[in-house]
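Per full-length UniProt numbering, the very first residue in the sequence shown carries number 1; after that it's consecutive.
None of these hints come from the bench; they were simulated from the model. It is possible that some hints are incorrect.
With a Cα cut of at most 16 Å, we get these calculated EDC-like pairs of lysine to aspartate or glutamate [as the list claims (entries may be wrong)]:
#	residue 1	residue 2
1	111	129
2	156	288
3	124	200
4	289	70
5	222	212
6	111	159
7	136	159
8	156	179
9	136	288
10	253	206
11	216	179
Just the calculated beta-carbon pair ranges, DEER-fashion [said to hold, decoys possible]:
#	residue 1	residue 2	range
12	123	217	34 to 44 Å
13	213	133	17 to 27 Å
14	159	127	14 to 24 Å
In this text, a Cβ means the ideal position worked out from N, Cα and C, and glycines have one as well.
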Amino acid sequence: MDTRSCSSAQEPPSKLLAVGALKQEGGARSSEEGPKKRRIWAAPCKTNCIEQVTAAPRYDDDDKIINGYECALHSQPWQVYFTYNGQRWCGGSLITARWIISAAHCYKQPKYLVAHLGEHDTTKQEGTEQHIQVEKAYQYFYYNQYYIDHDFMMVKLAEPAQFNQYVQPIPIATSCPTDGSQCLVSGWGNLKTSGVQYPEVLQCLDLPVLSDSSCKAAYPNKITDNMFCAGYLEGGKDSCQGDSGGPLVCNGKLYGVVSWGQGCAQSGYPGVYTKVCIYFDWIKNVIEKY
């Protein structure tokens, strides 16, 4: 495990390293090489700085459902999970027949990624599944690995998904989440705060959107205008390892992308999500151009 020394939390983003070898394509990053190291968590250190801890990527990723419940069968037909070289990687949300929204920190070379749709019990062949090769992945151009800011990515499928009762796109929210909104996060991530226990079936968790003041108090100097918190300040319920990139849905629309947090379900540290509303115009531009 490598540890970077602390840097001022006020350091301009322009001085920070981006992920991988990236090239600009119309406001999108199309990564030719994924990151060799990936942030696992951020912890406070001296004088308002952030200590970044990195480690080799793991297929179980950053985020999971703790103390949730089994989702009603195929009640989240937009839910996607990716496999990387055959191992479960991150989550995502289907928004059109060819496009999925996920988190920028989930990037891997597309040729190694397969999108799994129409799934519920991952141990069974249910006859509802669609497994589709990924063609392209575009990180938002201003994604910042150090602050995990603009943690947003568009993934294009090599062929269109076939819509049916098991596979459906989710509408994108055009407004930003409001305090107290009741939402739902879903995924197949780890069920435990310590140790490993991955579920066979899709897990759901109902949780509220927290105020900006509560979010910023939980994570001083780390929350940007592109992030929001959802969950319970008392801890006990959260998203964590295995759910990164997955959906946070409020009133039937995609409002958030599972992004990061300090530990999982820890008191005082709610989950942090990327605001989908910020990227509405960019989403349309990417779909039209690519």
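Do the hints match the structure? See the list:
{"no.": "1", "hint": "111 <-> 129", "result": "violated (20 Å)"}
{"no.": "2", "hint": "156 <-> 288", "result": "holds (12 Å)"}
{"no.": "3", "hint": "124 <-> 200", "result": "holds (9 Å)"}
{"no.": "4", "hint": "289 <-> 70", "result": "violated (38 Å)"}
{"no.": "5", "hint": "222 <-> 212", "result": "holds (12 Å)"}
{"no.": "6", "hint": "111 <-> 159", "result": "holds (13 Å)"}
{"no.": "7", "hint": "136 <-> 159", "result": "holds (11 Å)"}
{"no.": "8", "hint": "156 <-> 179", "result": "violated (32 Å)"}
{"no.": "9", "hint": "136 <-> 288", "result": "holds (14 Å)"}
{"no.": "10", "hint": "253 <-> 206", "result": "holds (14 Å)"}
{"no.": "11", "hint": "216 <-> 179", "result": "holds (13 Å)"}
{"no.": "12", "hint": "123 <-> 217: 34 to 44 Å", "result": "holds (41 Å)"}
{"no.": "13", "hint": "213 <-> 133: 17 to 27 Å", "result": "violated (44 Å)"}
{"no.": "14", "hint": "159 <-> 127: 14 to 24 Å", "result": "holds (19 Å)"}
Checked against the numbered hints above, the structure violates hints 1, 4, 8, 13; every other hint is satisfied.
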